[in-house]
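Residue numbers (the working numbering), protein chains in the order written: chain A, 1 to 303; chain B, 1001 to 1268.
By construction, these hints were calculated from the structure, which means they are not laboratory data.
Just to be clear, a hint being listed does not mean it is correct.
[To be verified] Over the 12 Å line for every Cβ pair with chain B, so calculated as not near, a few chain A residues:
#: 1; residue: R113
#: 2; residue: I114
#: 3; residue: A171
[As the list claims (entries may be wrong)] Below 30 Å or equal to it, Euclidean Cα-Cα: the simulated DSSO-like pairs (lysine-lysine) are:
#: 4; chain 1: B; residue 1: K1238; chain 2: B; residue 2: K1060
#: 5; chain 1: B; residue 1: K1266; chain 2: B; residue 2: K1132
#: 6; chain 1: B; residue 1: K1258; chain 2: A; residue 2: K68
#: 7; chain 1: B; residue 1: K1168; chain 2: B; residue 2: K1153
#: 8; chain 1: B; residue 1: K1055; chain 2: B; residue 2: K1168
#: 9; chain 1: B; residue 1: K1153; chain 2: A; residue 2: K68
#: 10; chain 1: B; residue 1: K1202; chain 2: B; residue 2: K1055
#: 11; chain 1: A; residue 1: K68; chain 2: B; residue 2: K1251
Yeah, the Cβ is synthetic: ideal placement off N, Cα and C, and Gly gets one too.
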Amino acid sequence: MRHGRRLFAFTFLLPPLALYAVFVISPYLQAFQISLTNWRGLSPEWEYVGPENFRRLLDDQYVWNALKNNAVILVALPVVTIVLALFFASMLSVGGRAGKAGVTGVRGAALYRIVYFFPQVLSVAIIGVLWKEVYAPNSGILNGFLRAVGLDALARPWLGDPDLAFWCVLAVMVWSNVGFYVVLFNAAMQSIPREIYEAALLDGAGRADTLRRITVPLVWDTIQVAWVYLAILAIDGFALVQIITEGGPGNSSDVIGLRLYTNAMGDYKFGYASAIGVAMFFLTLSVAVVALRVTRRERIELS
Amino acid sequence: MIALCRTIKAAGLAPWTYQGKHPRYMSWPILSAAAKMAGPEVLVAIDNLEPNAWKHEAIKAAAEAYSQLAVDGFILPGSEGLDHIQSQTEWSLGKAVFISCGSWLESEQKKVTPPDFRMAVAPTPSLGKGDKLPFEAIRGTAGEPYIVPAKAKNANGGMELMRIMLSKKGASDFMRKTSSLTCVAGAEEGVDLPPGLTSVTKALKASGSDGFNWVYNSFYRRLERNLVDAACGDLFTKRINAQQFVEACQKGADEIAKDSSITKYKRS
């Protein structure tokens, strides 16, 4: 009987595992192999060039330029997203002070909770195209809004300015991610017993104090998970950058994922592009490990 | 050109716009003007990655002439923040008078162009009386290369497909459906072309044997797509001048020339 059940589960697991092996694991392994060749993608001929591609990688100023941008995203994206999401989530679940009902969300919390989640429902491609139009210098609503309220001096050719384009994309990354983490933190906060807040309230703690001393420590596990997710996201960042700026103007908003893509699909250097991919793989892995280590803390038992 | 731009601007229109985030489109009039001034050898030197090919006097003169459009404020404000579709749409809506583009423009803009909009192509203006090529000379080239791989499983089938595609009948059919020209000479006969394309065929005929071309963008895609592109972006937002522009392009070309992983091609 027991044996039969295992076999039953196994037959159900087999197709997804096979798909995973074919479409996820085998391309990874192939990338390692291709990264040691000079394959041009279109030709059936190639030869092994050893670590040549990786040596090239170290001297490639465009790769370093892209990595520098990834490094900025790696720091800014998690911090800004998590801080914003924590703020919104705490306002939604414990920000209200409705007399007898005790600690609840602010008025309209249910509506906000849905609105914040909107970006998450859109595909990355749609978000990219949407924001490209928002940033458009003459027809975009950003400049349109600035001009409408008399701030003409602040209107910019956003994506056309090498000093701003990168930050414009970063803002979109934050915008598109915040909603998900609001919902995630919200769920975590729901599990915090209300009595703790009420006790804090009696002791005269304000909202900022409650957030800092009660909420954050009690949802720390979730924050840690969010941090790792966002860090992994930061090393990619390809889709939004490719759609919104294509790395420009110049290479000012380039990211490593886009480097890989242009090397493969633009210059047809599949060998070199695979080397970038392999480097990215190890980079992501180490960032995830570091993020987990740095944010490790003693667990707080609630019961 | 500058005098005309002044009149256009006085009339309340932007004389020029360009494909903002793909500023390389503006390298085309620069190279065309340079080729007309000093002859097509300038372009051969660029294609062959010859040392200091980009620093040729003619290219600098042409870059200076075109950067004047930015210096004098003759470019639609905000153009640098638009992509090719957005800028071409501004142009189709009549907000700017000139744009540098290829003959596919009419087809690409079909959906947003008002029906009474009669677009037309003109050769790049001559830089001076001493130009080696006449005003009519244009860069007329086939833009879609086709390849039948030598080791293809059915190479004969591939060639046969090309023969059908490039027959007069196939070509005129393609032309009718896409309103874009093919490399088959005379295929446009008897086809009712839209105004823009009519002007293209006229310009091609007038240019005749004076036509010229460059191919470095096919030889070394990155050189145009990234390096010259970035230099154009800087030039037309006044971040650099013509001298710095040719230096930036030359630096890009040298970078390609030095890179041993890139196969080099020569033409004459």
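(message) Please verify whether B/K1055 and B/K1168 have alpha carbons no more than 30 Å apart.
(response) violated, 42 Å
(message) Need the status of pair B/K1153, A/K68: alpha-carbon distance at most 30 Å?
(response) Judged against 30 Å, a Cα distance of about 46 Å means the pair is violated.
(message) B/K1168 and B/K1153 were given as a pair; does the straight-line alpha-carbon distance stay at or below 30 Å?
(response) Distance of about 27 Å is within 30 Å: holds.
(message) For B/K1238 and B/K1060, compute the direct alpha-carbon distance and say whether it is at most 30 Å.
(response) Roughly 15 Å separates the two Cα atoms, so the pair holds.
(request) Measuring Cβ to Cβ, find out whether A/A171 lies farther than 12 Å from everything in chain B. (result) holds, 15 Å
(request) Given the hint that A/K68 pairs with B/K1251, test it: the Cα-Cα distance must not exceed 30 Å. (result) The given pair, whose Cα atoms are some 22 Å apart, holds under the 30 Å limit.
(request) Mind checking the alpha carbons of B/K1266 and B/K1132 for me, to see if they're no more than 30 Å apart? (result) Given pair B/K1266, B/K1132 holds - Cα atoms ~24 Å apart, limit 30 Å.
(request) Find the nearest Cβ of chain B to the Cβ of A/I114 and say whether that gap is larger than 12 Å. (result) The assertion about A/I114 holds, with a minimum of 32 Å to chain B.
(message) Run the distance test for B/K1202 versus B/K1055: straight-line Cα separation, threshold 30 Å.
(response) Roughly 33 Å between the alpha carbons, so the hint for B/K1202 and B/K1055 is violated.
(message) Hinted pair, alpha-carbon criterion (30 Å max): B/K1258, A/K68. Please report holds or violated.
(response) holds, 25 Å
(request) Run the C-beta distances from A/R113 to all of chain B and say if the shortest one exceeds 12 Å. (result) holds, 34 Å
Of the hints listed earlier, those the structure fails to meet are numbers 8, 9 and 10, in rising order.
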